Structure formats: C-alpha cells, structure tokens
Amino acid sequence: MGIAALVVFYSSAVFLVAASFFAFKKYLAAPVHLHWELYRGSSAYELSDWWTKKPRSLGNKLWTAGLDVLFLRDYYRRNRSFWYFLETFHLGIYSLILWHVWLFGRAAAGPVVAEPVGSLVWGHSAFALALVGSVGILVKRITDADMRAFYPPIHFVKWVFLILALGGGFYAVQFHFAGSMSGALAYVREQLAFNLAAKLHAPAATSAHLLLAAPWLVYFPFSHIMKLGFRYYHFFRWDDVPNVRGGLIEKKIGQALGKRVSWAAPHIQSGRTWAEVATQIPGETPGSETK
Amino acid sequence: MNKKRTKIADISRGREDQLLEIPPGELSALPCPYEKGEGSAPVPAIPEQHKEKYDFSLDGVSALGLPKNPSPEEQDRLVEGFLSGLRKLLSKDDNWTFWQQLVLSLEACTHCQTCNDACPIYTASGKQEIYRPTYRAEVLRSIVNRYLKKSGRAFPKLMGCDIELNWTTVARLAELSFRCTMCRRCASWCPMGSDNGLITHELRKLFSQEMGIAAKELHAQGSVRQLEVGASTGLRPKAFKGIVEFMEEEIEAKTGRATKLPVDREGADILFLHNSGEFLSWLENPIAFAIILEAAGKSWTLSSELAGYEATNYGVWYDDVQFARVALKQIEVARKLGVKKIVVGECGHAHKALTVIADRILTGENNFPRESFLPLLEDLVCNEKIKLDPGKNDFPVVLHDPCNMVRLMGIVEPQRRIIRKICPKFREMEPHGVDNYCCGGGSGFAIMQSLNFPEWKSSVSGRMKMKQILDSFQDVIRPEINKYVCAPCSNCKGQIRDILAVHHAWEKCRIFYGGLAELVVNAMVDMKEPFITWEWR
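Quick mapping for you: the protein sequence lines, in order, are chains H and L.
Counting from 1, position 224 in the first sequence corresponds to residue 224 in the working numbering; the numbering is continuous, with no gaps.
Here the working numbering = 1-based position in the second sequence + 1000.
FYI, nobody ran anything at the bench for these hints, they're computed from the structure.
Just so you know, not all the hints are guaranteed correct.
[Unchecked claim] Taking lysine to any residue and the SDA-like style, the derived pairs with C-alpha atoms no more than 20 angstroms apart in a straight line are: (1) H:Lys199 / H:Leu103; (2) L:Lys1088 / H:Trp274; (3) H:Lys259 / L:Ser1084.
[Said to hold, decoys possible] Looking from chain L toward chain H, a few residues come up when the C-beta cut is under 7 angstroms (computed): (4) Pro1072; (5) Asp1076; (6) Ala1108; (7) His1111; (8) Cys1112; (9) Thr1114; (10) Ala1324; (11) Arg1325; (12) Asp1359; (13) Ile1411; (14) Arg1416; (15) Gln1449; (16) Ser1450; (17) Pro1454; (18) Glu1507.
[To be verified] Across the chosen pairs, the derived CB separations fall in these ranges: (19) H:Lys251 / L:Trp1534: 48 to 56 angstroms; (20) H:Lys251 / L:Ser1299: 21 to 29 angstroms; (21) H:Ser20 / L:His1050: 31 to 39 angstroms; (22) L:Glu1428 / H:Phe161: 23 to 31 angstroms; (23) L:Pro1070 / H:Pro282: 19 to 27 angstroms; (24) H:Leu248 / L:Glu1035: 55 to 63 angstroms; (25) L:Ser1091 / H:Pro111: 35 to 43 angstroms; (26) H:Pro282 / L:Lys1051: 28 to 36 angstroms; (27) H:Gly254 / L:Lys1336: 47 to 55 angstroms.
In this text the structure is predicted, and so the values were computed from the model without any measurement.
Each residue gets a CB set at the ideal place from its N, CA and C atoms; glycine is no exception.
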C-alpha cells in the first residue's frame, strides 16, 4: 500500500506540474485570432475615432477575472439554483487548498509543540462546504432533466470519486489522527523529511487519502475552473485593444497571414499564403485591376 | 410537459424519419391580437417533388437544399471530407482565425444548460431538444471526442460520445448549423464563456471551406457575386449610378432643393458605405442619410467602384476566406479614393465585420480607419447641428437592437440618445440593449429564401421578436394608431418586414417599420412634407 501510494501520488504531482505547464503554453502560444467580442454594455465603438481611445487596463481585467473565478458571478446571475451548490463546493475546495498549503508550510517551518488554534475547525469547515456542494451538485445533476441532458456518464463517476476523496481526508484527520492537528503536522513533517522508512510504511488511512487525492492532481489542469480563467486571456473577453499601424497586434497578424491555406473547397484555391488567397480573387488575374 | 428526449446519438439514426416534427400548438404564445394562436404547424407540408429530391430529415425544413440520397461512394467522400475539415478546424495553423475561441468553447462547457433559455429559437419553438444551443455543439464535441481522441474511441459510452459519423449525421449537422442566427445571446449567458454561436460559425466554415457546401444566398449569390459584380444584390456600378440620379430627383422633390450627390469624390472626409439592399428595397434610407449629411455640410462621398457601394460581407457568417476577400476589397476602394475614414451605414453585420472582426486581418496601408454611423449621427442630432422638431414624430416608436451593434460591438446608447431627442413617444422593448433578442434574420437568415426555409424563419426564428414588438405596443395596439419599429440594420429590417407581413400586422395593428435616419429626417424642420409616408412595402 505504502509504495503504491507513493508512486501514484508523486507521479500525479509531477503530472500536475507538467500538464499545467503545457496547458498554459498551449494558450500562451495561440496565434492571434479574429476579433470576436461580446459586450455587457457601452464600448469604445460608440465614439468617433474609437481607435484613439484608451482600452481597459490589464489590472481591471484581472480584477474582474479574479472576482468571476472566486464567486462564479455569472452562475449567480443566470443559474441561481445551481450556483448555491457550485459556489459552496468551490469555496470549500479553495479553502481546502489553502488549508493544505498551510499544513505543508507549517510542517516545514519546524516542530509543532502546541495544538494550532482553529486549524482543525478550518479544515473541517472546508471539508463540509466541499462535501455539501459536491453532493448537492450530484443530486441536481441526477434529478434535474435539463442538467442531466448531454452530461457524460464519466462526470457522474467523477463526483462520486470526489466525495470519496473528501471523505478519505476527513477520516484521516478526524479518526486516524484523532482530530489532533499537531499529530497530523508531525506526520506531514516526517513525510517532508523524506524518511524512506516512514514513507514505505505509511498508515493505511493516509495512504488511502493519497490514492484518492492523486487523480484530482491529474484532473486539475483539465478542470473547468482552469478554462474559466483562460477565457479572459489573450483578448478573449472585453478586448478593446485596437490594431494600430506598426503595433504588436499588426505584427502578429502579419505572421498569421504568412501561413499557408490548406482548405480544400475549390473557391479557396489553397496552397498559397493567407495574404495571397485573400487578395487574389478566383477568376481574377493576380495583380489585375477590378472592373 | 413530458416530451421525448432526443439524444445526441439520435442524429445519426433513422434517416427516413425527421429527427424533429414540431407539433401544432407547441410554438410560444403571441399576445393580442394573436392570443388565439395559429393552430397550424410551423412549416407547411413538403411538396412531393421536393421530398424526393432534397434532404428534410432534420426537422422538415431545408435551408441548404442538400440532396436526399447521394450514392454510397459520394456519402463516404462527404463523411471523409467532414473529418478532414474537422481536423483542420482544430489545427492552429489551418484555423488560426478562430482556433482559440473554438477550442475554449469545446473544452469549457459544463453542460449546465444555462444558455438554453437565452436562445429565442429554442424557447419560441416550444423548447425542442435539437434547437438547444448546446445540441449542435454537443454533437460536434462528441464527434471530436469519438473520432479524433483516443479516450473517446476506447470508452465512447462512458465519455458520452457514442455517436456514429455517417452521411445522416453530416447532412443533419449541416442543416442544424442553419437553425442558429449566431446572435450569441447564449454565449453572453454562458458562465464559462463557451460560445455556441461560434461553434455554429465554425461548422458552417468547415462545410464551406472544406466541402464547398454553403447556403447559395450567402455564397454563390452572396459573397461570390459581390466580388464579381460589386454587390451581393447583383447591383452593378452602372445601375448604382442610375439609382443615385434617381435619389437626387427624390431629394429635390422632398426638400425643394436641387442636390448633386457626391460620388467617387476623392479626398472626402467620409466614404459612406450602405448595404446595397437599401438602394433596391428601402431607398428612403440612403436618401435620408444624404439629406442629413448635406444639411450638416459634411465632406462625404459614395463610391461607384466595385464593392464600394456595398457594406455587406456575408463571409462573416460562413467562410473566413470570403470574409477577408470582401473586407479587403472595401478597404481598397477607400484607400484609392483617399478618404479619411469609412463610415458604415445601417447594416449590423457590416458594422461588426468591417469595424471589429476585420481589425485582425488588416496590416499596413490596409489598416484603415472604420467606424459606425452612430457617433456621427448622434453628434448631428444631439448637438443640434441640424434643426429638428420632435413634434413631427408624434407616434409610438420602439427600437429594435441589432445584435451586431449591441451585444457584439457595444454600441448601445447613441441610438437611444438620438431617438429620445426626436421621438416623444419612444418606448423600449423588453429585454433590450445587450440583452436584446435577435430579429430571427441574423447570420444570413433574412436573405435566405430556399424551399420552405422562409416559413420556418418567420414562424420560429422570428417569433420572439414578433412577441416583443407586440408587447411593446400593447397600450396602442388598435389599428387607428400608426406605430413605428425602428430597425437600424438592413437585414433586421428585412426580417421584421417579413414577420410583420406574415402576421398581417400592418393591416391588423398598423405596425410599420423603418430605419433610424428616416426618423431623423422626418423630424427635420426644413422638410415641408412628412418623410415617412406610411406606405407598406
């Protein structure tokens, strides 16, 4: 059990880092795309010479994105009954992540003598929020015909597995460590010290928790919440940055127009670059004046 | 309502039966004087000669006129072409234009179905499963997962992608890409930013750019014709010049002043670009703009060059290459004339296409200033640069918001400030602004007239707009009072004309329609006679 849990957990951790890196790289390396915006109100296009107006600042965009990710504000506006469970779940998960960061940080900082005040309540509250949220989401997904429509069966499995993982963590803290955070911290400190004997002979409760948690490390880079963050990136929302002559956007467009067109329909006349295909109309002699 | 659920996999099955037949009475209700309902099917029965020839297997409607029974070899070739196009859609190099939005839209959907009730077609149709914004997106997602990803091949049922890709799937999906107006209200509603309108766009693109399948009104009679003869309406430069002469006569008759309209005037401040449909169907709109611009003493011009008198760009609805070709032609005309900027007239999709979307294909000298007519008109009206008497517009007016101007471009307030200034009986539709409903003619529907598609778009895609118009005029619905639906977009105007005509709303309720510039000229102090003549056309 010990060695299996170790292999699975550390492999998952490595996967999390690598997959997150490639996920970011995938979007950072995306080519410039056509300007396909949505607006929630007035924009610079209401003004004459709109290209001279200052666009939104990056800070403003990040602030909006942060609030959306934290509070899932569009679910609140558009799908309130789902939001109650979704937000409860996400607050629980965010809180659990922070709790684990604290757990590892505190364990690494040095030996724990006294029981840390409030840490057990924090952990259990986060667990309770995540559990109530995830059970609520699962029940809603099963009972609501609209929410069930097109929902792939694998996702039902996902929620059941998540509830098990949450339960595993709660069991380890509350029963294996008997609700003693100093005990849990001592255990984590031992693990962080890479004491091989301790690692290979880890208790069943903590090993089981690692095994149940490991798939979530693998899943995280592909999770929807990551996509929610990405939607704000790279001029995807509220992009009023004009393409000015000689600017960075124009440079990127120039690169994209140099790509070869491969589409097969006859009117495309592929095999040339986008710049050539877009300026040479089928039936026209290249370079000829239009009549 | 206990309705049979159409599953994703059903799209591949039962080619001889329609996937959907909308039962009579399921369409959403309309208010007074239509509260008793039509009691008929949303589309008439298909004539036998059409039934044998064309594919109606989606919902009994054909927008594309696809053949009913291609040979097995042809079916294989088409399915292979579809898969090939799908691979290109998901390639950064082949589809740099929309790769990022497409991939995010495919990956981000949580299947929460929040977007469904935002869709006017889904709700007006009585919530038919295949009209959910998510249905076509999910079909595409399932094909991608099943045929292009290893996990889907191994566990199709578990991964929710047990779909079969055959000619039935491809043919129905092609039709289904023309049951969405790409108004993107669903995208605006989506908490995750998944854009089902964009998925419709990408599907249409795949069919056009890879397989050569497109609605003939958009391609052969649309962008191809525009590039060949100058306008998607078929209007040629010589005929255009004749129309301008007629406009001058009309202006003289209406204002009492002889006017020479500027055509191909080099070095003017503004090249004014109208939808050529205005010159053929609603000439009063370009006439109204000409009267306003002349009265304000603006330096402006029209162009008689090929593509210079046509603002439309149908490529924006189905084909990136055609879109780029048209946009570059329009820019070329402006450059050659040496004007300072292009101002787009009352055409919603032209606003979005030339001003916003084209912003990411223009480089160097083609990166040319372009903007909406609305800031200009607002300046002239609200800063009283022309003399206006709001009392002349003493009739109820409601504003229709073209999706391309509001939700897709963020031009929300100038049109309202103008109307509030000149129309004392202005009222809003609910909802309006960025939350508006599409007229039902978006993404080319307004001009598509194939087979029984016009009946479908009048009774289903335009139904929500009809309801909104009627709701806004309920306090004055009796036919003794003339009412005006202001639609500052040529295609919206065409669709609103069609839905009002189908419901005989002019005869029953005296609901009329027209543009914004006409309201401004109607209020001009200098006009001796009313500019708006209330003659149905």
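Against the structure, the hints come out as follows:
Taking the CA atoms of Lys199 of chain H and Leu103 of chain H, the gap is about 18 angstroms. The hint holds against a cut of 20 angstroms. With a C-alpha separation of about 15 angstroms, the suggested pairing of Lys1088 of chain L with Trp274 of chain H holds against the 20 angstroms cut-off. Using a Cα cut-off of 20 angstroms, the hinted pair Lys259 of chain H and Ser1084 of chain L holds, with the two alpha carbons roughly 18 angstroms apart. Evaluation of the Pro1072 of chain L hint against chain H yields a violated restraint, the C-beta minimum of about 21 angstroms exceeding 7 angstroms.
With its C-beta approaching chain H no nearer than about 16 angstroms, Asp1076 of chain L sits outside the 7 angstroms limit, and its interface hint is violated. With 7 angstroms as the threshold, the beta carbon of Ala1108 of chain L comes within range of chain H, its nearest partner Cβ sitting at about 4 angstroms, so the hint holds. Interface restraint check for His1111 of chain L: the shortest CB-CB distance to chain H comes to about 5 angstroms, inside 7 angstroms, so the restraint holds. Interface hint status for Cys1112 of chain L: upheld, as the beta-carbon distance to the closest one in chain H is roughly 6 angstroms, under 7 angstroms.
The closest approach between the C-beta of Thr1114 of chain L and any C-beta of chain H is roughly 4 angstroms, which is under the 7 angstroms cut-off, so the hint is satisfied. A least Cβ separation of about 4 angstroms between Ala1324 of chain L and chain H falls short of the 7 angstroms threshold, and the interface hint therefore holds. At a threshold of 7 angstroms, the smallest CB-CB gap from Arg1325 of chain L to chain H is about 5 angstroms, leaving the interface hint in force. Against a cut-off of 7 angstroms between C-beta atoms, the interface hint on Asp1359 of chain L holds, since the closest Cβ of chain H lies about 5 angstroms away.
At about 5 angstroms, the closest approach between the beta carbon of Ile1411 of chain L and any beta carbon in chain H falls short of 7 angstroms, and the interface hint on this residue holds. With a cut of 7 angstroms, the hint placing Arg1416 of chain L at the interface with chain H is violated, because the nearest CB-to-CB distance is about 10 angstroms. Because the closest C-beta pair between Gln1449 of chain L and chain H is about 22 angstroms apart, greater than 7 angstroms, the hint is violated. Interface restraint check for Ser1450 of chain L: the shortest CB-CB distance to chain H comes to about 19 angstroms, outside 7 angstroms, so the restraint is violated.
Against a cut-off of 7 angstroms between C-beta atoms, the interface hint on Pro1454 of chain L is violated, since the closest Cβ of chain H lies about 26 angstroms away. The closest approach between the C-beta of Glu1507 of chain L and any C-beta of chain H is roughly 38 angstroms, which is over the 7 angstroms cut-off, so the hint fails. At about 54 angstroms, the CB distance of Lys251 of chain H to Trp1534 of chain L agrees with the hint of 48 to 56 angstroms. The given range of 21 to 29 angstroms is broken by Lys251 of chain H and Ser1299 of chain L, whose C-beta atoms sit roughly 33 angstroms from each other.
Range check, Ser20 of chain H to His1050 of chain L: Cβ separation about 55 angstroms, and the 31 to 39 angstroms hint is violated. Taken as a hint, the range 23 to 31 angstroms is violated for the pair Glu1428 of chain L and Phe161 of chain H, whose Cβ atoms sit roughly 49 angstroms apart. Pro1070 of chain L and Pro282 of chain H have their C-beta atoms about 25 angstroms apart, which keeps the hinted 19 to 27 angstroms range intact. The beta-carbon spacing between Leu248 of chain H and Glu1035 of chain L, approximately 57 angstroms, falls within the hinted interval of 55 to 63 angstroms.
Distance hint check: the CB atoms of Ser1091 of chain L and Pro111 of chain H are about 56 angstroms apart, inconsistent with the given range 35 to 43 angstroms. Between Pro282 of chain H and Lys1051 of chain L the CB atoms are about 35 angstroms apart, so this pair conforms to the stated range of 28 to 36 angstroms. Taking 47 to 55 angstroms as the suggested C-beta distance range, the pair Gly254 of chain H and Lys1336 of chain L does not conform, at roughly 22 angstroms.
In summary, the structure is inconsistent with hints 4, 5, 14, 15, 16, 17, 18, 20, 21, 22, 25 and 27 from the numbered list given earlier, while agreeing with the others.
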